[in-house]
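K.L.:
Each residue of the sequence shown is one higher than the one before, counting from 46 in this note's numbering.
Read the hints as simulated data drawn from the structure, not as lab findings. One or more hints might be untrue.
What the hints assert, rightly or not - Computed list of lysine-lysine pairs in BS3-like fashion (alpha-carbon distance at most 30 Å, straight line): (1) 139 to 75; (2) 79 to 49; (3) 48 to 86.
Said to hold, decoys possible - Across the chosen pairs, the derived CB separations fall in these ranges: (4) 245 to 213: 14 to 24 Å; (5) 138 to 242: 17 to 27 Å; (6) 146 to 106: 46 to 56 Å; (7) 106 to 232: 30 to 40 Å; (8) 206 to 311: 26 to 36 Å; (9) 106 to 208: 37 to 47 Å.
Every residue gets a Cβ at the ideal spot worked out from N, C-alpha and C, and that includes glycine.
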Amino acid sequence: DVKKENLVRARKIERHLRPSSLPVGVKFWKKGDKIPPEAGKTPVVKFTWCEYVSFIRNNGADDREILLIRLEDITCTAATALLGLEPMSESLKKGELLGEIHFETKELAANAFATVPRVPFSTEAITIGALEDLPVEPDVIVMAITPGQTNKVCDGAMWYTGGSFKVQYANGCGICGNATAEPLTSDQLVTIAFCCHGARRWGGFQDDELACGVRIDKFDAWIQGMENTWLTGHSYPIAHQLASPNKETHHKRIPGKSYNDRYPYDVI
46 DVKKENLVRA
56 RKIERHLRPS
66 SLPVGVKFWK
76 KGDKIPPEAG
86 KTPVVKFTWC
96 EYVSFIRNNG
106 ADDREILLIR
116 LEDITCTAAT
126 ALLGLEPMSE
136 SLKKGELLGE
146 IHFETKELAA
156 NAFATVPRVP
166 FSTEAITIGA
176 LEDLPVEPDV
186 IVMAITPGQT
196 NKVCDGAMWY
206 TGGSFKVQYA
216 NGCGICGNAT
226 AEPLTSDQLV
236 TIAFCCHGAR
246 RWGGFQDDEL
256 ACGVRIDKFD
266 AWIQGMENTW
276 LTGHSYPIAH
286 QLASPNKETH
296 HKRIPGKSYN
306 DRYPYDVI
């Protein structure tokens, strides 16, 4: 049951990160795919991609929509190109969209935009909905996080990899490029995205919010990384520990049991 599995995934995110808005599931339908009826309905009003994401993540009502978005339903030309719905326009390639606005010259804008991650295939349509309600298997899960929650996000992402965690930003495509498209091409288990001006102006992302994206085939490893670091005393919210004369610490590994043995997801 795909919908039940998505509900379990959403609950695991809520357990480890305690986000203030809903995790969002995103399914890409490639050119030639047979799109099933449960893939969603056409939106009545056209929005930017970041507006769709916030419309979904901030809707906790009983009646939630699953949307099926096509090229003509997105009002931002940068997003349609980065999400694979159409080829990049000459205007974007030449830096005319952001040049002399976010950059001194169009050439600098073109250089920056060329580095933004994009969906590596041609997209026919995109299903978007609250992860816990999604009746199809998502390709990417997108969520809003706070700077404090990035500690736990990175714990999960780096448990099995070591190294360092990298964040990419090109000033203009935070939600569509870095949070949604980048997970499809990134070697990291998750991506963290700085929200662009558009995501905050139109998408409604707040000053204290970043975005996070995870590709579905990396989800379980990421969650397990967060479980394992919980067993070393690193949970969220992060416990406020006062300095102790004998230097006691909660940072120690709990041997012998799994996370679910110690703190089961299903407690009913």
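K.L.:
Evaluate each hint against the coordinates.
P.N.:
Hints versus structure:
1. 139 to 75: holds, 27 Å
2. 79 to 49: holds, 22 Å
3. 48 to 86: holds, 17 Å
4. 245 to 213: 14 to 24 Å: holds, 18 Å
5. 138 to 242: 17 to 27 Å: Between residue 138 and residue 242, where Cβ atoms are some 21 Å apart, the hint holds.
6. 146 to 106: 46 to 56 Å: violated, 36 Å
7. 106 to 232: 30 to 40 Å: Since residue 106 and residue 232 have Cβ atoms about 38 Å apart, the given range 30 to 40 Å holds.
8. 206 to 311: 26 to 36 Å: Hint holds: Cβ distance 29 Å, inside 26 to 36 Å.
9. 106 to 208: 37 to 47 Å: Holds - the Cβ-Cβ distance for residue 106 and residue 208, about 41 Å, lies within 37 to 47 Å.
Comparing the model with each numbered hint stated earlier shows that hint 6 is the single one that does not hold.
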